[in-house]
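Trainee: This is what each chain is made of:
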Amino acid sequence: MNRVRLLVGTRKGGFILQSDSRRQEWQVSQPLFPGWEVFHINASPLNPDRLYASQSSGWFGQVLQRSDDGGQTWQAVGNAFNYMENPGNHLGYEGEALPWKFKRIWQLQPSLTQADEVYAGAEDAALFRSQDSGLTWQELSTLRQVKGELWQPGAGGLCLHTILLDKIHPGRIFVAISAAGAFRSDDGGASWKAINQGLKSPYELPDESVEVGHCVHNLAFHPDHPEVLYMQKHWDVLRSQDAGEHWTEVSGNLPSDFGFPIAVHAHEPQTVYVIPIKSDSEHYPPEGKLRVYRSRTGGNEWQALTDGLPQQDCYVNVLRSALAVDQLDPCGLYFGTSGGQVYASADSGDHWQPIVHDLPPVLSVEVQALP
Amino acid sequence: MMRVIVPVPLRHLADLADEVQLDLQGQASLKEVLDALEERYPALKGTLRQPESGQRCGFIRFYAGGQDLSNQDMLASLPAEVTSGREALRIVAAMAGG
Numbered sequence: 104m105n106r107v108r109l110l111v112g113t114r115k116g117g118f119i120l121q122s123d124s125r126r127q128e129w130q131v132s133q134p135l136f137p138g139w140e141v142f143h144i145n146a147s148p149l150n151p152d153r154l155y156a157s158q159s160s161g162w163f164g165q166v167l168q169r170s171d172d173g174g175q176t177w178q179a180v181g182n183a184f185n186y187m188e189n190p191g192n193h194l195g196y197e198g199e200a201l202p203w204k205f206k207r208i209w210q211l212q213p214s215l216t217q218a219d220e221v222y223a224g225a226e227d228a229a230l231f232r233s234q235d236s237g238l239t240w241q242e243l244s245t246l247r248q249v250k251g252e253l254w255q256p257g258a259g260g261l262c263l264h265t266i267l268l269d270k271i272h273p274g275r276i277f278v279a280i281s282a283a284g285a286f287r288s289d290d291g292g293a294s295w296k297a298i299n300q301g302l303k304s305p306y307e308l309p310d311e312s313v314e315v316g317h318c319v320h321n322l323a324f325h326p327d328h329p330e331v332l333y334m335q336k337h338w339d340v341l342r343s344q345d346a347g348e349h350w351t352e353v354s355g356n357l358p359s360d361f362g363f364p365i366a367v368h369a370h371e372p373q374t375v376y377v378i379p380i381k382s383d384s385e386h387y388p389p390e391g392k393l394r395v396y397r398s399r400t401g402g403n404e405w406q407a408l409t410d411g412l413p414q415q416d417c418y419v420n421v422l423r424s425a426l427a428v429d430q431l432d433p434c435g436l437y438f439g440t441s442g443g444q445v446y447a448s449a450d451s452g453d454h455w456q457p458i459v460h461d462l463p464p465v466l467s468v469e470v471q472a473l474p
Numbered sequence: 162m163m164r165v166i167v168p169v170p171l172r173h174l175a176d177l178a179d180e181v182q183l184d185l186q187g188q189a190s191l192k193e194v195l196d197a198l199e200e201r202y203p204a205l206k207g208t209l210r211q212p213e214s215g216q217r218c219g220f221i222r223f224y225a226g227g228q229d230l231s232n233q234d235m236l237a238s239l240p241a242e243v244t245s246g247r248e249a250l251r252i253v254a255a256m257a258g259g
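Protein sequence lines correspond, in order, to chains U and Y. Under the working numbering, the residue at position 86 of the first sequence is numbered 189, and the numbers go up by one with no gaps. Under the working numbering, the residue at position 33 of the second sequence is numbered 194, and the numbers go up by one with no gaps.
Check each hint, because a few of them may be wrong.
Taking lysine-lysine pairs in the BS3-like style, the calculated list, with each CA pair at most 27 Å apart, reads [what the hints assert, rightly or not]: (1) K296/U - K250/U; (2) K192/Y - K206/Y; (3) K206/U - K206/Y; (4) K115/U - K204/U; (5) K250/U - K206/U; (6) K206/U - K192/Y; (7) K296/U - K270/U; (8) K206/U - K296/U; (9) K204/U - K206/Y; (10) K250/U - K204/U; (11) K192/Y - K204/U; (12) K206/U - K115/U; (13) K296/U - K204/U; (14) K392/U - K381/U; (15) K206/Y - K115/U.
Looking from chain Y toward chain U, a few residues come up when the C-beta cut is under 10 Å (computed) [to be verified]: (16) V169; (17) P203; (18) A254.
Rather than coming from a laboratory, the hints here were simulated on the basis of the structure. Using N, Cα and C, we set each Cβ at its ideal position, and we do this for glycine too.
Produce the complete structure using the sequences and hints provided.
Mentor: Written as structure tokens, this is what we have:
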């Protein structure tokens, strides 16, 4: 692989950042879709020049864009995200019953096996699939049958924000919803089960171990070992050895176990990264020090990675989709902040440098290693 | 020929000129104008009215002939100034900012 391409979504547009494989010098594109919120840009693993972007606006709603030339040109594709008939109600912040209403797409995940297939995670929480490269969308509505009437919005809304496709077990899909929990399908989305056993949310829920209702912030796995799942919950970092059937807390010596993103090293399945945030009311790093924490033991024992990151007076946040890992060797890491910085490490997190300082607040970062 | 002015962000989205001309005759309604606009510029679908219900998006307004037509029946005829082409139908996004 000779090139690296970062796909960055921000509050006011998308950006493409490119470098050679040394990952030291970067070119930053002009804004894509300027002025619009870009929650996510993601690429097809089967065709790296096929990109999808979720573009939304409080005025003009949701637009879905597709590029077939690596982001040079884009075309608006389908944006009719219709829930299946009679979706019923979910809970509001006050516990009141609210009807499902589509607001935006948080996450796009192109298929690992079908070139024209792509999944989209929506707010209000639902999983949609397109089999015609984004022109039309169908809801995989059986997900909502897993106690959807008890799902409740987190602070960011009732959103399906994480989609993991399992290449080892065809048809297996993991999703995470705030605030409902984690869910798994083993049959391509035809049926679903909640996988939240072992999660405890004593500060958020009247029954701390309830089956659904947990505010799961992010999930991650190593693609070659998808049965080992990692979770950053609202509070707590957790690991599952059995595809989510049971979870164990592995927060260990983290300075705070609140945070949003979690990621796994590309070549070391036991090496995990989180970015601790002080608390759910103080969305900035503990002690004003921006630190990525790495565990080489699948959690519990964590090491602060600080070289090149601000270690005083830093009060930015890092959102759930804003941490990415590339496939090069050594493995590269990238994350974006609410202050508009994008940081890169070309050596598994040992050293960091800012690629760019002054983008709009970063919502998401994805990375591609390209020939 | 009817004239329509679309909010700037949507001109960028759909690659439109400052003013769009639509080949509509007679006493066209707001619905007919929006149908024609979306047919010619599919990228606008869902940005002015909800894809499912067809209702106007919350922060979108329709002005013409010195009137706010946003809450009138979408099937009602537009003012003669607009249908004759003397005046443009202005589609306006609500102001935001401080």
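Trainee: Please go over all the hints and tell whether each is borne out by the structure.
Mentor: Verification of the supplied hints:
1. Distance check on the hinted pair: K296/U and K250/U sit about 10 Å apart at the alpha-carbon level, within 27 Å; holds.
2. For the hint linking K192/Y to K206/Y, the alpha-carbon distance of about 13 Å falls within 27 Å, and the restraint holds.
3. Only pairs whose Cα atoms come within 27 Å are accepted, and K206/U paired with K206/Y is accepted, the gap being roughly 15 Å.
4. Distance check on the hinted pair: K115/U and K204/U sit about 24 Å apart at the alpha-carbon level, within 27 Å; holds.
5. About 21 Å separates the Cα atoms of K250/U and K206/U, which keeps this hinted pair within 27 Å; it holds.
6. Between K206/U and K192/Y the CA atoms are separated by roughly 23 Å; this keeps the pair inside 27 Å, and the hint holds.
7. Restraint check for K296/U and K270/U: the C-alpha separation of about 19 Å stays at or below 27 Å, so the hint holds.
8. For the hint linking K206/U to K296/U, the alpha-carbon distance of about 25 Å falls within 27 Å, and the restraint holds.
9. Distance restraint check for K204/U and K206/Y: the Cα-Cα separation of roughly 18 Å lies within the 27 Å cut-off, and the hinted pair is therefore satisfied.
10. Of the pairs offered as hints, the one joining K250/U and K204/U holds, with about 17 Å between alpha carbons and a cut-off of 27 Å not exceeded.
11. A C-alpha spacing of about 23 Å is found between K192/Y and K204/U, which places the hinted pair at or below 27 Å, so the restraint holds.
12. Only pairs whose Cα atoms come within 27 Å are accepted, and K206/U paired with K115/U is accepted, the gap being roughly 17 Å.
13. In summary, the hint linking K296/U to K204/U is supported, as the alpha carbons are separated by about 23 Å, within the 27 Å threshold.
14. With a CA separation close to 10 Å, the supplied pair K392/U and K381/U stays within the 27 Å bound.
15. Proximity of K206/Y to K115/U is assessed by CA-CA distance (about 21 Å); at most 27 Å being required, the pair is judged to hold.
16. The beta carbon of V169/Y is positioned within 10 Å of a beta carbon in chain U (closest approach about 9 Å), and the interface hint is therefore held.
17. Here the hint on P203/Y is kept, as its CB sits about 7 Å from the closest CB of chain U, short of 10 Å.
18. Taken as an interface hint, A254/Y checks out: its beta carbon lies about 5 Å from the nearest beta carbon of chain U, inside 10 Å.
Checked against the numbered hints above, the structure breaks none of them.
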